[in-house]
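**Q** Here is how the chains run, residue by residue.
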Amino acid sequence: MNAREVAIATSITLMIVLLAYVIEAGGLGPIAPEKLRELAASYIISTYNPWNITHSAQSLEAVTAIVWDYRGLDTFFETSVLFISIVGVALLFRGYREKTGVGGRGLSEIVKTSTKILAPLILIAGISIAIHGHLTPGGGFQGGSFIAVLLVLLSVVFSLDFVVERGLSTSRLLTLRSIGLMGVFATSIALLLVGLVTGVSAYVFQNMVREGAPVSMPPWFLDRPTGGTLLFFNVFEALAVATGLSLAFIVLSLRREEVEEALERGEWYE
Amino acid sequence: MGRLLSYLAVFLMTYSFYVVFSGATSLFTLVLGSVGSLVVAVLVKNLLVSRKLKISDIRRLAYLVLYYAYYMTVAEVRAHVDIAKIVLSRKMKISPAIVKVPYYVETSYGMTLIAGSITNTPGTVVVQVDTNRKHFYVHWLTARVFEPARAREEISAVFENYSQKIFG
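Line order of the protein sequences matches chains X and V.
Sequential numbering of the first sequence, starting at 1, is according to my numbering.
Sequential numbering of the second sequence, starting at 1001, is according to my numbering.
These aren't lab readings, by the way, just hints derived from the structure by calculation.
Just so we're clear, the structure is a prediction, and the values are computed from it rather than from any experiment.
Careful, some of the hints might be misleading.
[To be verified] Think about it this way: if two alpha-carbon atoms lie no more than 20 Å apart in a straight line, the pair counts; the simulated DMTMM-like pairs of lysine to aspartate or glutamate are:
{"id": "1", "chain 1": "V", "residue 1": "Lys1134", "chain 2": "V", "residue 2": "Glu1153"}
{"id": "2", "chain 1": "X", "residue 1": "Lys112", "chain 2": "X", "residue 2": "Asp161"}
{"id": "3", "chain 1": "V", "residue 1": "Lys1093", "chain 2": "V", "residue 2": "Asp1082"}
{"id": "4", "chain 1": "V", "residue 1": "Lys1045", "chain 2": "V", "residue 2": "Asp1057"}
{"id": "5", "chain 1": "X", "residue 1": "Lys99", "chain 2": "X", "residue 2": "Asp161"}
{"id": "6", "chain 1": "V", "residue 1": "Lys1100", "chain 2": "X", "residue 2": "Glu109"}
{"id": "7", "chain 1": "X", "residue 1": "Lys112", "chain 2": "V", "residue 2": "Glu1106"}
{"id": "8", "chain 1": "X", "residue 1": "Lys99", "chain 2": "X", "residue 2": "Glu261"}
{"id": "9", "chain 1": "X", "residue 1": "Lys116", "chain 2": "V", "residue 2": "Glu1106"}
{"id": "10", "chain 1": "V", "residue 1": "Lys1085", "chain 2": "V", "residue 2": "Glu1154"}
{"id": "11", "chain 1": "V", "residue 1": "Lys1045", "chain 2": "X", "residue 2": "Glu165"}
{"id": "12", "chain 1": "X", "residue 1": "Lys99", "chain 2": "X", "residue 2": "Glu264"}
{"id": "13", "chain 1": "V", "residue 1": "Lys1165", "chain 2": "V", "residue 2": "Glu1106"}
{"id": "14", "chain 1": "V", "residue 1": "Lys1054", "chain 2": "V", "residue 2": "Glu1106"}
{"id": "15", "chain 1": "X", "residue 1": "Lys112", "chain 2": "V", "residue 2": "Asp1130"}
{"id": "16", "chain 1": "V", "residue 1": "Lys1134", "chain 2": "X", "residue 2": "Glu109"}
{"id": "17", "chain 1": "V", "residue 1": "Lys1100", "chain 2": "V", "residue 2": "Glu1153"}
{"id": "18", "chain 1": "V", "residue 1": "Lys1100", "chain 2": "V", "residue 2": "Asp1130"}
{"id": "19", "chain 1": "X", "residue 1": "Lys99", "chain 2": "X", "residue 2": "Glu258"}
{"id": "20", "chain 1": "X", "residue 1": "Lys99", "chain 2": "X", "residue 2": "Glu260"}
{"id": "21", "chain 1": "V", "residue 1": "Lys1045", "chain 2": "X", "residue 2": "Glu109"}
[To be verified] Just so you have them, the derived chain X footprint on chain V, three or more residues with Cβ under 8 Å:
{"id": "22", "region": "1024 to 1036"}
{"id": "23", "region": "1041 to 1051"}
[Unchecked claim] Computed Cβ-Cβ distance ranges for the label pairs, DEER-style:
{"id": "24", "chain 1": "V", "residue 1": "Leu1038", "chain 2": "X", "residue 2": "Ala186", "range": "20 to 28 Å"}
{"id": "25", "chain 1": "X", "residue 1": "Gly104", "chain 2": "V", "residue 2": "Val1035", "range": "34 to 42 Å"}
{"id": "26", "chain 1": "X", "residue 1": "Glu261", "chain 2": "V", "residue 2": "Asn1046", "range": "28 to 36 Å"}
{"id": "27", "chain 1": "V", "residue 1": "Leu1038", "chain 2": "X", "residue 2": "Glu78", "range": "28 to 36 Å"}
{"id": "28", "chain 1": "X", "residue 1": "Ile8", "chain 2": "V", "residue 2": "Ile1086", "range": "32 to 40 Å"}
{"id": "29", "chain 1": "X", "residue 1": "Ala40", "chain 2": "V", "residue 2": "Ser1026", "range": "21 to 29 Å"}
Where is the CB? At the ideal position from N, CA and C, for every residue including glycine.
One chain only, chain V, in its complex shape (with noise of 0.2 Å):
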């Protein structure tokens, strides 16, 4: 069961991303693409999924959908208006640095989803990952604080507790 499940979810996302890269929804495209799906999705499950995935696993999917509304407004739209400013200001208010964030979550997808929100909102750029002692080195064009327990409530922090619920 599953393994199934395993299966299923590797096929859903293949499925979904193909109608919406092909842009089509006749019959033959339908159906000659879950053929498709199906075989990639044989080819790269055991790459992907390494745990064996729950019914119950789909209250993380829908924190997946909120975060991603979160993130697409509020997070991106602060960061950009931030950024603006500074850009747009005769006398830039900047003080540029690397600051090292720790990160809590136990998986690898966490992780990544976590350094990729940081990288993707202007402002902060994840340089380095050292998996073993969990931390990032950020680069941070308006650091404020140093202290890495600080810095992770200014920049990580929001995106850390919605990575927590989707990936654990």
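Bound-form chain X, shown alone (with noise of 0.2 Å):
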């Protein structure tokens, strides 16, 4: 034993005892307090209300009622900075040309049989979680997440000849994102659309029936409570963050072949 492995040895002994005694002497505080706090109380009673809906959004999971409703206009700028960031990373590698025929292998043809069942599993999973995104947790980003797994395992598995030969280009994952983007801000200003056409008031990101503004967004799908606008969100959100991941993913792992046009055309702007 050297000292190197003593310095380990008692740095994690250490760790362990510090730790256990911060969390035995209450160092942390107590994991949840016993009366719930004013805010919160009200986030848990306005979430989900049928009796009352005016102050209700109509959501059972609090998370997703908090992010697309009670902050609506936070997130819709926040995916509008993902967006952007996205189209930065395209615009750094602008001028390339995807191309097939330039080779890769992939794996072999038991990943490549066993990834091809997987693919429709993947992209329902990720569906599943964005339509229950008010319901459970998850929501639109987490199932965007999910679904561009598939992108990704799809381009190491077979290779990125493969993705783009099936029309999975940049230019129509950018097309794709903008459409969900477009979706995400339709159903922020729809029904102050439908407030304008039959004139009586309406908020922006207005979900429910609303004091002095009567139009609401549906609050009942069949058995289940919509959430409203939520139900809307998570499903455009899910689109944009699949083909922006994705874009991003296929932009990052371009091959020589494809950036030297690119890379030629960057010297000719110096």
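Given two chains presented individually in distinct reference frames, assemble the corresponding complex, making use of the accompanying hints.
**A** Laid out in structure tokens, this is it:
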């Protein structure tokens, strides 16, 4: 046993002992306060309240209600920031062209076949997470990230050629990403437009009926609450995130043959 | 008709997984999920199905269920008990080797099913597949025979019989 190993063992022991001491001495404070704070209580009462829809988001999941309803504007700009950063990534590599026939054999036939079977399951699992975003943990961003894994898998297991040949070019992904973002935007002003047309007052990011604003998103779909705008936000966000992250992954894994032209053009700009 | 059946097969596979994954049978879940599964089926059908399906292919599905029951009970338990015996004995009787095991199924699905079955039973792992000459290289913890045909008898003959009936 040398000095290095003694040092490592001592520090691990110290960490465990000190952590145990901090937890035992109540240094982290009580894990959950005994009384709900006022703000938390108001969220719990108003997130799902079918008896008083005027003060409800019609969502069973408080986090999704907070993210897309109580602070919807904030989330809208967050998702725009992600959009802009992905546009930035695409811009850095401007001038490249995706090529097929560059090569890349991918992994073995066994992995390829298994991945094929996994493809629809990954897609539908992501969709499920997105459309249940207001009922269970999860939501548009989580569902979208889940779906984006598929493109990473396909490009590693098969090759980037395979992905591009099946029509998932960066330009098409950017179009889909824009459609997702436009959907989010359209959902946020949908009730305002209805209000303008019918001549009643309404809010931007309005979800359910509010005092003085009688228009409303459907509170129920069949036998479950919809969360009103939340369902639409989650679906569009999933589309936007899935295509956006896929696009970023393709651009970052471009092959030499594809970026050479872009590099030449970059030199020309200089 | 054959095209429609292909879409239906992919749809049903996706949809049944969706219901299990979501863990709910409310109308909300079932209706929205059927729309989602339809979209997925349209997107991935060409990736998954390359030949025209027939009604009689349902027999293959029945074999798949039968094989699943056999594999998860008989084959898995037998392999686990064998390995547990070796691991727990004081003198381990092992003779690890990589053997060549041929296969004769035509489709990549059939080949994948055999390879997965071999790997998933403890004691044997497919380390490489040669799809041109149609054989696996299998790491075998208790190698008894090295001749390809006889190794196949010991390792994958039962799996291949089912795989032949399921995928062809």
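**Q** Closer than 8 Å Cβ to Cβ for three or more residues is the test here. Does the region 1024 to 1036 of chain V pass it with chain X?
**A** holds (count 9)
**Q** Between the alpha carbons of Lys99(X) and Glu258(X), is the straight-line distance 20 Å or under?
**A** 6 Å, holds
**Q** For the pair supplied as a hint, Lys99(X) and Asp161(X), is the alpha-carbon distance within the 20 Å limit?
**A** Answer holds: Lys99(X) to Asp161(X) is near 7 Å, not above 20 Å.
**Q** Given the hinted pair Lys1045(V) and Glu165(X), is their Cα-Cα distance within 20 Å?
**A** 16 Å, holds
**Q** Within 20 Å, alpha carbon to alpha carbon, are Lys1054(V) and Glu1106(V)?
**A** Holds, at roughly 18 Å.
**Q** Quick one, are Lys1100(V) and Asp1130(V) close enough, alpha carbons at most 20 Å?
**A** Holds - the C-alpha atoms of Asp1130(V) and Lys1100(V) are around 10 Å apart, at most 20 Å.
**Q** Range hint 28 to 36 Å: satisfied by the CB atoms of Leu1038(V) and Glu78(X)?
**A** Check passed, 31 Å falls within 28 to 36 Å.
**Q** Given the hint that Lys1093(V) pairs with Asp1082(V), does the C-alpha gap stay at or below 20 Å?
**A** 11 Å, holds
**Q** For a C-alpha distance cap of 20 Å, please report whether Lys112(X) and Asp161(X) respect it.
**A** 14 Å, holds
**Q** Is the hinted pair Lys116(X) and Glu1106(V) satisfied, with a Cα-Cα distance of at most 20 Å?
**A** 17 Å, holds
**Q** Hey, Lys1045(V) versus Glu109(X), does the alpha-carbon distance stay inside 20 Å?
**A** OK: Lys1045(V) and Glu109(X) at ~19 Å, within 20 Å.
**Q** Hint says 20 to 28 Å; check whether the CB-CB distance for Leu1038(V) and Ala186(X) agrees.
**A** Once the Cβ atoms are compared, 23 Å apart, the range 20 to 28 Å for Ala186(X) and Leu1038(V) holds.
Of the numbered hints given earlier, the model fails none.
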